Amino acid sequence: MRTHLLQIAGQVALAVFIVMLILAGASGVTADDSLPKVLLNADNLGPRSIEDRTAEVVPRDYAFAWRTMAQALEQNRAELLDGYFAGLAKDNLSHLIADQKQSNVRVRYLDHGHKLEALFYSPAGDAMQLRDHASLGIDVMDGDKVIHSEQVNLQYIVLMTPGADRWLVRDLEIVPETKP
Amino acid sequence: MRGPISFLMLLVLAGGAWAAEIHPPSQATAGVSFSMSSSGTGQGTFYLIGPAHVAKHQVSLGGNIDVDGTEIEHAGRYTAILCTDQCSATTFYVHAAEPDRLSLLVHPSRVPVSNPNAISAVAFVWDAFHNLEFSPQTVKFTVNPSEHSSISQARTSSNGIAWIRLTSAAKGGPAKIEASIGKTSETRVVQQVASDACNLRIKGSSVSHKVLVETDPVRDCSGNFVPDGTVVSFTMTDSTGKTTVDVPIKRGVAKVEIPATGHARITAASGVATGNELDLAGGAE
Chain Y
1 MRTHLLQIAG
11 QVALAVFIVM
21 LILAGASGVT
31 ADDSLPKVLL
41 NADNLGPRSI
51 EDRTAEVVPR
61 DYAFAWRTMA
71 QALEQNRAEL
81 LDGYFAGLAK
91 DNLSHLIADQ
101 KQSNVRVRYL
111 DHGHKLEALF
121 YSPAGDAMQL
131 RDHASLGIDV
141 MDGDKVIHSE
151 QVNLQYIVLM
161 TPGADRWLVR
171 DLEIVPETKP
Chain S
1 MRGPISFLML
11 LVLAGGAWAA
21 EIHPPSQATA
31 GVSFSMSSSG
41 TGQGTFYLIG
51 PAHVAKHQVS
61 LGGNIDVDGT
71 EIEHAGRYTA
81 ILCTDQCSAT
91 TFYVHAAEPD
101 RLSLLVHPSR
111 VPVSNPNAIS
121 AVAFVWDAFH
131 NLEFSPQTVK
141 FTVNPSEHSS
151 ISQARTSSNG
161 IAWIRLTSAA
171 KGGPAKIEAS
181 IGKTSETRVV
191 QQVASDACNL
201 RIKGSSVSHK
211 VLVETDPVRD
221 CSGNFVPDGT
231 VVSFTMTDST
241 GKTTVDVPIK
251 RGVAKVEIPA
261 TGHARITAAS
271 GVATGNELDL
281 AGGAE
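Chains as they are written, first to last, in my numbering: chain Y, 1 to 180; chain S, 1 to 285.
Take these hints with a grain of salt, some might be off.
Stated by the list, open to error - Here are the simulated BS3-like pairs of lysine-lysine, each with C-alpha atoms no more than 25 Å apart in a straight line:
#1 K145/Y x K242/S
#2 K140/S x K203/S
#3 K56/S x K101/Y
#4 K171/S x K210/S
#5 K242/S x K210/S
#6 K101/Y x K145/Y
Calculated from the structure, these hints are not laboratory results. No experiment lies behind these values; they were computed from the predicted model shown.
Sequences and hints are given; from them, build the entire structure.
Laid out in structure tokens, this is it:
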């Protein structure tokens, strides 16, 4: 009888353990968990005022753009850029990935977050320019060997345009840091 | 004697562990070749990582390392790395070349006449390699209406963008909107169309058991013909009650036949414009 009770207790404990593992696993695979943190400040934006919905989706889509860019560069997969990049930004990154494949040199980003400052929103609402104060770890790898590693704060000027259901990064340029 | 020899040996050993160094210029211009000096002896591996380019070359240390203009066509931050036993890295910025191209966004493509600030034009200033020109540039916006002399205004770009708001002309027709910088220009055409109807005038007659009503040619307040398809609503009140009929303008006028009983009063409206009232004797009650 005692052995039987112990078996049941063991089976219950095992079931609880499996359920906990599943729950832990499920919470670990949500898409947003790996998104970089992006904060948007649109206080000085003009000439058009930003709409509430746009103020929500621009930082969200910019975070997705950075996540897909980091994945595309690390895995040498230019097709990942299709989701959140267009125009010059996509062309430049695709070219970078082609060179990475050829040289076996890769760039790996560790994204510590972005502070976006909206600079210009066109009167018709079809283009927005932002300044991004990005905090990044950057590794340059030749094959599997890290040949250079740095922690940097970089300033990007970003041009985004609205697509069918999201905002796309159309131009992304690093500029020398300017002091306010 | 052993002291100085040991010191020299340490120096030699330490020297072997020193990484060769490279010295890029403080700034470079997109598409312009340059050289950077290097220290050390023997061979090394040189890496150049930019916004759209990765290169890896074998180089001789101690001399100049040439960077071709085609390797730095994209403005931004570049990392130069030189590896022997160890690697040393340095960064430099490449700036855009002279302004060479414009992108122009103009909205809307059709606009009612005499509409204040209804047209917006946004110009993006690029160099020949599609780098945004961040230094302030003077962009001239010119409006060329079809039947009037052109009007120009200059705006200074900020972070590569210059923009302007424009009021549509009083007369309908195409207007060319041009942005220019130096010898570079871009043009878009905006169709200026008649605004809402103004001062509707109707006339009519009664025939048998119906009334025939039509408008005079429908124009906006600037005298432009309102486009065909614009709806005019005719409302008739007779002894049987009120009847409303919506009629699109065809060839400049809207016309309708409405069955009527006895005396009929007819009005017309289009948008915010209303016309005169018309009293007609309809058919027998």
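Results for each hint:
no., hint, result
1, K145/Y x K242/S, "86 Å, violated"
2, K140/S x K203/S, "50 Å, violated"
3, K56/S x K101/Y, "12 Å, holds"
4, K171/S x K210/S, "38 Å, violated"
5, K242/S x K210/S, "14 Å, holds"
6, K101/Y x K145/Y, "15 Å, holds"
When held up to the earlier numbered hints, the structure conflicts with 1, 2, 4 and fits the remainder.
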